[in-house]
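Trainee: Numbering (the working numbering), first residue to last: 125 to 382.
Hints listed in this document are in silico derivations from the structure and should not be mistaken for laboratory results.
Beta carbons: idealized from backbone N, C-alpha and C, even for Gly.
Hints may be right or wrong, so weigh each one.
[What the hints assert, rightly or not] Simulated restraints on C-beta separations:
1) Gly128 with Gln197: 35 to 43 Å
2) Ala295 with Gly200: 37 to 45 Å
3) Gly177 with Ala295: 24 to 32 Å
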Amino acid sequence: WCGGDTVKVYPFGACVASYIKDGTDYLMMRADAQLDGSKPIAGGIPFCFPQFGPGALQQHGFARNCNWEVASQTDGDAPSVVFKLSDSEYTRGMWDHPFEATYTVVLDVDALQTEFKVLNTGSSTFEFTGALHSYWSVSALANVEIVGAFQGATFLDKTAEPPCYATSTAAALVISTPTDSVYEDVGGEVKLLDSGRKSAVTIRSQGWTDTVVWNPFGEEKMGYDKFVCIECAKALKPISVAPNDFWVGKMMIIPSSL
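The whole structure should be built from the sequences, with the hints applied where relevant.
Mentor: Written as C-alpha coordinates, this is what we have:
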(Lines of atoms letter the chains of each structure in order from A and count residues from 1; the text may use other names and numbers.)
(Lines give C-alpha, C1' and ligand atoms only; values in the text may rest on other atoms or scores of the structure.)
Protein backbone atom coordinates (compact mmCIF):
# COMPACT_ATOMS: atom_id res chain seq x y z
CA TRP A 1 0.00 0.00 0.00
CA CYS A 2 1.04 3.65 -0.47
CA GLY A 3 -0.72 6.59 1.20
CA GLY A 4 -3.89 4.56 1.59
CA ASP A 5 -3.80 3.27 -1.99
CA THR A 6 -3.29 -0.46 -2.51
CA VAL A 7 -2.36 -2.98 -5.17
CA LYS A 8 -2.88 -6.75 -4.92
CA VAL A 9 -0.80 -9.14 -7.05
CA TYR A 10 -1.05 -12.93 -7.17
CA PRO A 11 2.13 -14.95 -7.85
CA PHE A 12 -0.07 -17.28 -9.93
CA GLY A 13 0.26 -15.69 -13.35
CA ALA A 14 1.91 -12.63 -11.75
CA CYS A 15 -1.59 -11.21 -12.07
CA VAL A 16 -2.29 -7.73 -10.72
CA ALA A 17 -5.79 -8.30 -9.34
CA SER A 18 -6.66 -4.93 -7.81
CA TYR A 19 -5.51 -1.31 -7.88
CA ILE A 20 -7.38 0.87 -5.40
CA LYS A 21 -6.74 4.60 -5.48
CA ASP A 22 -8.74 7.06 -3.37
CA GLY A 23 -11.23 4.30 -2.58
CA THR A 24 -11.90 3.22 -6.20
CA ASP A 25 -10.70 -0.06 -7.66
CA TYR A 26 -9.75 0.73 -11.24
CA LEU A 27 -9.35 -2.94 -12.12
CA MET A 28 -12.15 -5.48 -12.46
CA MET A 29 -12.32 -9.14 -11.51
CA ARG A 30 -14.70 -10.87 -13.91
CA ALA A 31 -17.87 -12.35 -12.37
CA ASP A 32 -16.86 -15.87 -13.47
CA ALA A 33 -13.22 -15.61 -12.30
CA GLN A 34 -11.61 -18.50 -10.41
CA LEU A 35 -8.91 -17.68 -7.85
CA ASP A 36 -7.98 -21.23 -6.81
CA GLY A 37 -5.34 -21.84 -9.51
CA SER A 38 -7.60 -24.18 -11.47
CA LYS A 39 -7.58 -21.84 -14.47
CA PRO A 40 -6.02 -18.50 -15.47
CA ILE A 41 -7.32 -15.54 -13.45
CA ALA A 42 -10.01 -13.76 -15.46
CA GLY A 43 -9.62 -10.20 -14.28
CA GLY A 44 -7.11 -7.59 -13.19
CA ILE A 45 -4.09 -7.64 -15.50
CA PRO A 46 -3.45 -11.19 -16.75
CA PHE A 47 -0.47 -11.98 -18.98
CA CYS A 48 -0.49 -13.08 -22.60
CA PHE A 49 2.98 -14.56 -23.22
CA PRO A 50 4.67 -15.94 -25.31
CA GLN A 51 1.61 -15.96 -27.56
CA PHE A 52 -1.20 -13.45 -27.79
CA GLY A 53 -3.36 -15.93 -29.70
CA PRO A 54 -4.75 -17.72 -31.46
CA GLY A 55 -1.81 -19.89 -32.47
CA ALA A 56 0.05 -23.12 -31.85
CA LEU A 57 0.17 -22.72 -28.06
CA GLN A 58 -2.65 -22.64 -25.55
CA GLN A 59 -4.78 -19.49 -25.79
CA HIS A 60 -2.74 -16.45 -24.66
CA GLY A 61 0.32 -18.61 -23.85
CA PHE A 62 1.50 -20.20 -20.61
CA ALA A 63 2.66 -17.28 -18.42
CA ARG A 64 -0.79 -16.81 -16.89
CA ASN A 65 -0.84 -20.51 -15.89
CA CYS A 66 2.50 -20.47 -14.03
CA ASN A 67 3.45 -19.62 -10.47
CA TRP A 68 6.00 -16.82 -10.71
CA GLU A 69 8.81 -16.48 -8.16
CA VAL A 70 8.87 -13.36 -5.99
CA ALA A 71 12.42 -12.19 -6.80
CA SER A 72 12.43 -9.05 -4.64
CA GLN A 73 10.17 -6.69 -2.74
CA THR A 74 10.64 -3.17 -1.39
CA ASP A 75 8.66 -0.88 0.92
CA GLY A 76 8.78 2.88 1.30
CA ASP A 77 7.16 5.74 -0.60
CA ALA A 78 6.95 3.66 -3.81
CA PRO A 79 6.60 0.01 -2.77
CA SER A 80 7.45 -2.52 -5.45
CA VAL A 81 7.58 -6.24 -6.17
CA VAL A 82 9.52 -8.10 -8.85
CA PHE A 83 8.28 -11.46 -10.14
CA LYS A 84 10.43 -13.86 -12.16
CA LEU A 85 9.58 -16.70 -14.53
CA SER A 86 12.18 -18.87 -16.27
CA ASP A 87 11.89 -21.71 -18.74
CA SER A 88 11.08 -25.12 -17.30
CA GLU A 89 10.16 -28.57 -18.52
CA TYR A 90 6.55 -27.38 -18.59
CA THR A 91 7.27 -24.30 -20.74
CA ARG A 92 9.78 -26.03 -23.02
CA GLY A 93 7.17 -28.66 -23.80
CA MET A 94 5.14 -25.91 -25.49
CA TRP A 95 7.76 -23.31 -26.45
CA ASP A 96 11.28 -24.73 -26.59
CA HIS A 97 13.32 -21.64 -25.77
CA PRO A 98 15.43 -20.70 -22.72
CA PHE A 99 14.30 -17.37 -21.28
CA GLU A 100 14.02 -15.32 -18.12
CA ALA A 101 11.05 -12.97 -17.70
CA THR A 102 10.73 -10.39 -14.94
CA TYR A 103 7.68 -8.33 -14.11
CA THR A 104 8.06 -5.29 -11.87
CA VAL A 105 5.03 -3.63 -10.27
CA VAL A 106 5.49 -0.25 -8.55
CA LEU A 107 2.80 1.60 -6.57
CA ASP A 108 3.59 5.30 -6.86
CA VAL A 109 1.69 8.13 -5.20
CA ASP A 110 -0.21 9.03 -8.38
CA ALA A 111 0.15 5.95 -10.59
CA LEU A 112 0.69 2.22 -10.90
CA GLN A 113 3.69 1.24 -13.01
CA THR A 114 4.57 -2.10 -14.58
CA GLU A 115 7.66 -3.25 -16.47
CA PHE A 116 7.86 -6.58 -18.32
CA LYS A 117 11.33 -7.70 -19.40
CA VAL A 118 12.07 -10.79 -21.49
CA LEU A 119 15.70 -11.96 -21.64
CA ASN A 120 16.86 -14.56 -24.16
CA THR A 121 19.16 -16.89 -22.18
CA GLY A 122 19.59 -19.34 -25.07
CA SER A 123 21.86 -19.58 -28.10
CA SER A 124 19.32 -18.86 -30.86
CA THR A 125 16.92 -16.02 -31.63
CA PHE A 126 13.29 -16.46 -30.62
CA GLU A 127 10.05 -14.63 -31.40
CA PHE A 128 6.95 -14.04 -29.31
CA THR A 129 3.77 -11.99 -29.11
CA GLY A 130 2.11 -10.81 -25.93
CA ALA A 131 -0.14 -8.41 -24.08
CA LEU A 132 -1.29 -7.20 -20.70
CA HIS A 133 -4.94 -8.31 -20.86
CA SER A 134 -6.12 -5.51 -18.56
CA TYR A 135 -9.71 -5.46 -17.27
CA TRP A 136 -10.72 -1.90 -16.37
CA SER A 137 -13.72 -1.42 -14.10
CA VAL A 138 -16.44 0.94 -15.33
CA SER A 139 -19.75 2.27 -13.99
CA ALA A 140 -21.53 1.01 -17.13
CA LEU A 141 -20.51 0.62 -20.78
CA ALA A 142 -23.01 3.31 -21.82
CA ASN A 143 -20.93 5.83 -19.85
CA VAL A 144 -17.59 4.92 -21.41
CA GLU A 145 -15.43 6.40 -24.17
CA ILE A 146 -11.96 5.17 -25.13
CA VAL A 147 -9.81 7.94 -26.58
CA GLY A 148 -6.53 7.52 -28.45
CA ALA A 149 -4.93 7.61 -31.90
CA PHE A 150 -7.66 5.38 -33.33
CA GLN A 151 -8.88 7.54 -36.20
CA GLY A 152 -7.38 6.24 -39.44
CA ALA A 153 -5.68 3.31 -37.69
CA THR A 154 -5.70 -0.18 -39.15
CA PHE A 155 -7.29 -2.78 -36.90
CA LEU A 156 -8.00 -6.49 -36.99
CA ASP A 157 -11.68 -7.14 -36.31
CA LYS A 158 -11.70 -10.57 -34.70
CA THR A 159 -15.51 -10.61 -34.39
CA ALA A 160 -15.88 -10.74 -38.20
CA GLU A 161 -16.29 -14.10 -39.97
CA PRO A 162 -13.59 -14.55 -41.03
CA PRO A 163 -11.53 -12.00 -39.05
CA CYS A 164 -10.53 -9.10 -41.30
CA TYR A 165 -8.62 -5.84 -41.31
CA ALA A 166 -10.44 -2.51 -41.44
CA THR A 167 -9.72 1.19 -40.99
CA SER A 168 -11.07 2.99 -37.93
CA THR A 169 -13.09 6.13 -38.62
CA ALA A 170 -13.53 7.11 -34.96
CA ALA A 171 -11.19 8.99 -32.64
CA ALA A 172 -13.21 7.82 -29.61
CA LEU A 173 -14.47 4.26 -29.27
CA VAL A 174 -17.69 3.17 -27.60
CA ILE A 175 -18.80 -0.37 -26.77
CA SER A 176 -22.32 -1.35 -27.88
CA THR A 177 -21.71 -4.77 -29.49
CA PRO A 178 -19.34 -7.68 -28.85
CA THR A 179 -15.88 -6.21 -29.50
CA ASP A 180 -12.51 -7.82 -30.19
CA SER A 181 -10.26 -5.42 -32.09
CA VAL A 182 -6.48 -5.22 -32.39
CA TYR A 183 -5.33 -1.71 -33.36
CA GLU A 184 -1.96 -1.79 -35.07
CA ASP A 185 0.64 0.78 -33.98
CA VAL A 186 -1.78 2.48 -31.59
CA GLY A 187 0.12 2.84 -28.34
CA GLY A 188 1.76 5.55 -26.31
CA GLU A 189 -1.32 6.89 -24.57
CA VAL A 190 -4.94 5.76 -24.44
CA LYS A 191 -7.58 7.21 -22.09
CA LEU A 192 -10.63 5.53 -20.62
CA LEU A 193 -13.28 8.15 -19.81
CA ASP A 194 -16.17 7.20 -17.51
CA SER A 195 -18.87 9.88 -17.20
CA GLY A 196 -20.82 7.82 -14.65
CA ARG A 197 -17.87 7.69 -12.29
CA LYS A 198 -16.59 11.11 -13.39
CA SER A 199 -13.14 9.62 -13.73
CA ALA A 200 -10.46 8.97 -16.31
CA VAL A 201 -7.70 6.39 -16.54
CA THR A 202 -4.67 7.29 -18.65
CA ILE A 203 -2.81 4.22 -19.91
CA ARG A 204 0.72 5.10 -21.06
CA SER A 205 2.92 2.47 -22.66
CA GLN A 206 6.40 1.95 -24.08
CA GLY A 207 7.43 -1.09 -26.08
CA TRP A 208 3.83 -2.27 -26.35
CA THR A 209 2.95 -0.82 -29.76
CA ASP A 210 -0.56 -2.22 -30.35
CA THR A 211 -3.81 -1.70 -28.43
CA VAL A 212 -6.45 -4.40 -28.04
CA VAL A 213 -10.04 -3.52 -27.13
CA TRP A 214 -12.22 -6.41 -25.99
CA ASN A 215 -15.64 -6.82 -24.40
CA PRO A 216 -18.04 -9.81 -24.49
CA PHE A 217 -21.08 -7.54 -24.85
CA GLY A 218 -24.25 -9.27 -23.68
CA GLU A 219 -22.51 -12.01 -21.66
CA GLU A 220 -24.18 -11.57 -18.28
CA LYS A 221 -22.20 -14.40 -16.64
CA MET A 222 -19.01 -12.47 -17.32
CA GLY A 223 -20.43 -9.22 -15.93
CA TYR A 224 -19.80 -7.58 -19.31
CA ASP A 225 -21.35 -4.20 -18.41
CA LYS A 226 -18.89 -3.51 -15.59
CA PHE A 227 -15.60 -3.74 -17.46
CA VAL A 228 -13.78 -3.14 -20.70
CA CYS A 229 -10.42 -4.63 -21.66
CA ILE A 230 -7.93 -2.14 -23.08
CA GLU A 231 -4.72 -4.08 -23.56
CA CYS A 232 -1.18 -2.90 -24.17
CA ALA A 233 0.06 -5.44 -26.70
CA LYS A 234 2.51 -6.67 -29.30
CA ALA A 235 -0.07 -8.82 -31.01
CA LEU A 236 0.18 -8.50 -34.80
CA LYS A 237 3.93 -8.58 -35.46
CA PRO A 238 6.16 -10.80 -33.32
CA ILE A 239 9.01 -9.45 -31.22
CA SER A 240 12.40 -10.94 -32.13
CA VAL A 241 14.99 -11.30 -29.36
CA ALA A 242 18.58 -12.34 -30.11
CA PRO A 243 20.68 -14.46 -27.69
CA ASN A 244 21.65 -12.50 -24.55
CA ASP A 245 19.41 -9.64 -25.65
CA PHE A 246 16.15 -8.51 -24.08
CA TRP A 247 12.88 -6.71 -24.77
CA VAL A 248 11.06 -4.39 -22.36
CA GLY A 249 7.42 -3.31 -22.28
CA LYS A 250 6.21 -0.68 -19.80
CA MET A 251 2.73 0.42 -18.76
CA MET A 252 1.76 3.28 -16.46
CA ILE A 253 -1.78 3.67 -15.10
CA ILE A 254 -2.76 7.19 -14.03
CA PRO A 255 -6.27 7.71 -12.57
CA SER A 256 -7.75 11.20 -12.48
CA SER A 257 -11.05 13.06 -12.26
CA LEU A 258 -13.09 14.30 -15.20
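Trainee: Run every hint past the structure and note whether it holds.
Mentor: The hints, checked one at a time:
{"no.": "1", "hint": "Gly128 with Gln197: 35 to 43 Å", "verdict": "violated (20 Å)"}
{"no.": "2", "hint": "Ala295 with Gly200: 37 to 45 Å", "verdict": "holds (40 Å)"}
{"no.": "3", "hint": "Gly177 with Ala295: 24 to 32 Å", "verdict": "holds (28 Å)"}
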